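First residue of the first sequence: 9, per this note's numbering; consecutive thereafter.
It is worth saying that the hints were derived from the structure and are not from the lab.
Among these hints, one or two may not hold up.
Across the chosen pairs, the derived CB separations fall in these ranges [what the hints assert, rightly or not]:
| no. | residue 1 | residue 2 | range |
| --- | --- | --- | --- |
| 1 | Ile85 | Asp41 | 17 to 23 Å |
| 2 | Tyr295 | Gly256 | 44 to 50 Å |
| 3 | Ala22 | Asp95 | 38 to 44 Å |
| 4 | Ser366 | Ala22 | 20 to 26 Å |
| 5 | Asp187 | Asn145 | 51 to 57 Å |
Since the model is a prediction, treat every value here as computed from it, not as a measurement.
Just so it is clear, CB atoms sit at the ideal spot from N, CA and C, and this is done for glycine as well.
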Amino acid sequence: MKQSKLFTKVIKEAPKDETSLNAQFLIRAGYIDKLMAGVYTLLPLGLMVYKKIEQIIRDEMNAVGGQEVYMPSLHPIDRWQATGRYDDIDVLFKFKSYYSKIDYVLGPTHEEVVVPLVQKFASSYKDLPVAVYHIQNKFRDEKRAKSGILRGREFMMKDLYSFHTTQKDLDKYYDKVMDSYVRIFERCGIGADTYTTFASGGTFSKYSHEFQTLTESGEDIIHTCDKCKIAVNKEVLTDVKNACPKCGNKDLAEKKAVEVGNIFKLGTKYAKPFNLQFTNKDGKKEYVVMGCYGIGLQRLMGTIAEINNDEKGIIWPENIAPFKVHLLSLNQNKKSAKIYKNLIKAGIEVLYDDREASAGEKFVDSDLIGIPYRLLVSAKTLKENSVEIKKRDSDEVELIKLDEVVNKFTKL
RNA sequence: CGGGGUGUAGCCUAGUUGGCUAAGGCGCAUCGUUUGGGACGAUGAGAUCGGAGGUUCGAGUCCUCUCACCCCGACCA
C-alpha cells in the first residue's frame with residue numbers, strides 16, 4: 009500500500025483524553041480512533057492487525073474442530089430471562105424499540121443464543137460432541153471503560169462453545185483448547201509474557217483458567233510460578249494454600265497482568281434452563297455438558313501494543329504486523345516504485361512511504377507505526393546499487409543489493 | 001456508582017483581580033528555499049471558548065444546572 013493514499017496520518021501529539029500507552033501509540037500511528045469512552049473505530053492499519061490476529065485465532069479454533077458461525081448482537085429478552093441473567097448481569101445493555109416498544113438486549117456473550125441453536129440439531133449422543141464458535145462484536149455496559157482498548161463497551165470477541173455427553177469428554181476437550189490458547193498467544197508474539205492462570209471457576213468447577221499477560225496496565229494481580237510458567241489469580245490464592253497447584257512451589261511472585269483469554273467449564277448451567285438434553289445409548293435423556301472459551305480481540309491487540317514498544321513507538325511481532333516491510337523513499341520514488349512492485353509481485357506485504365516528506369519525518373513515522381522491517385532507498389544507498397535494511401527492534405543497518413531485495417524477504 | 005480532575009480551531013496548549021478585535025505551536029493551503037532522524041521563511045484559511053440558564057454596563061474568566069472525557073476505588077457470567 010502506498011502511504012500517500014492512506015487516509016489516516018501519524019499525529020505528533022497524543023489526544024489529551026488518552027493516558028494509556030496502547031491507546032496513545034495506536035491513535036498516534038493511525039490504527040484506531042476513539043468514538044466515545046470505550047468505543048473505538050479500527051482504521052485501515054488497525055483493521056489489518058485485527059485481521060491477522062483474528063486469522064490466527066480462527067486457525068486454532070478450526071484445528072480443535074470448532075465450526076464457525078455468526079450469531080446476531082440483537083437478542084430477544086426472553087432468552088435472557090430464561091437463564092435469569094436479564095436481571096443479574098449489570099453490564100447488560102437493555103433497550104426498548106422506539107416504534108414497536110419491544111424490549112431487546114445487546115449481546116454481551118452468547119450462551120443464550122448458542123444453546124437453543126445447538127438444541128435444534130443435537131438430540132442424540134451420536135450428535136455430540138460439537139464445538140461452535142464465532143467472532144463477533146459484544147456489548148458490555150461497563151461502569152467504567154478504561155485503559156484504551158483494554159476495556160471497552162463494544163468490542164470483538166471470539167467465543168467457542170463446546171457441547172459434550174460427559175464431564176470426562178469436556179475435561180479432555182478443555183485441555184485441548186487450553187493448549188490451543190497457548191499457541192494463539194505464542195503466535196501473537198506475547199507467549200513469553202502470558203501465563204496460564206488458575207482462577208475462580210464459579211459454581212460448576214473448582215477453577216477456570218485465565219490467560220494473563222504481564223503488564224502494569226493490567227487490572228488483575230496474579231502470582232506466578234516460574235518453575236512451571238503458570239500462575240494463580242490472587243482471588244483464589246488462598247484456595248491453593250499460596251502454592252503453585254502444579255509443583256507446590258511456595259515461592260510465587262506477585263505481578264500485575266491483563267486477562268487476554270478465559271476458559272470455563274460450564275457443566276449443565278445453561279443446558280438446564282433451556283432443557284438442552286440428548287438421548288443416550290439406553291434411550292434415556294441426559295443434560296449436555298458445556299464449556300466456553302473466550303478471547304477479546306481488541307484487548308489482545310492492545311495488550312500486544314502495550315508490551316511491544318519502545319519510546320519511539322510500537323514494535324509489532326511479525327505475525328500480526330500490518331505489513332512485513334516499510335519501504336521508505338528519500339526522494340528516490342522512481343527506483344523505489346520498482347522495488348515496491350517487485351515485492352508486491354513476490355507476495356510480500358509492503359507499506360510504501362512515497363510521500364513528499366523529510367527524511368526525519370519518515371523515520372519518526374516509521375518507528376511509530378512499528379513495521380518489523382524498514383527498507384530505505386536514498387541517493388546514498390543507490391550509489392552502492394543497494395538499499396538499507398533495518399529491523400524495527402534493532403539499531404543495526406545493513407546494505408543489500410537491489411537485485412537481492414525480493415529474495416531476502418521471500419526467505420524470511 | 002462514590003471520590004478527584006479536565007473541557008478554548010482537526011490536535012496540543014496560553015489566556016492575570018471579569019474589560020477593547022480570544023493568543024501561540026502542530027496540522028492544512030499557496031509560494032520560495034531545503035532534503036539521512038519530526039526543516040526554514042512569507043502569506044492565508046480555520047474557534048462566537050462543551051451545552052443551557054443566570055449575575056453584570058461588560059463573561060473564556062463569576063454562579064446554578066447539565067453533558068462529555070480522564071484518573072483512583074467499587075464492580076467485572
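Structure-based check of all given hints:
| no. | hint | result |
| --- | --- | --- |
| 1 | Ile85 x Asp41: 17 to 23 Å | violated, 33 Å |
| 2 | Tyr295 x Gly256: 44 to 50 Å | violated, 36 Å |
| 3 | Ala22 x Asp95: 38 to 44 Å | holds, 40 Å |
| 4 | Ser366 x Ala22: 20 to 26 Å | holds, 22 Å |
| 5 | Asp187 x Asn145: 51 to 57 Å | violated, 27 Å |
The earlier numbered hints that this structure contradicts are 1, 2, 5.
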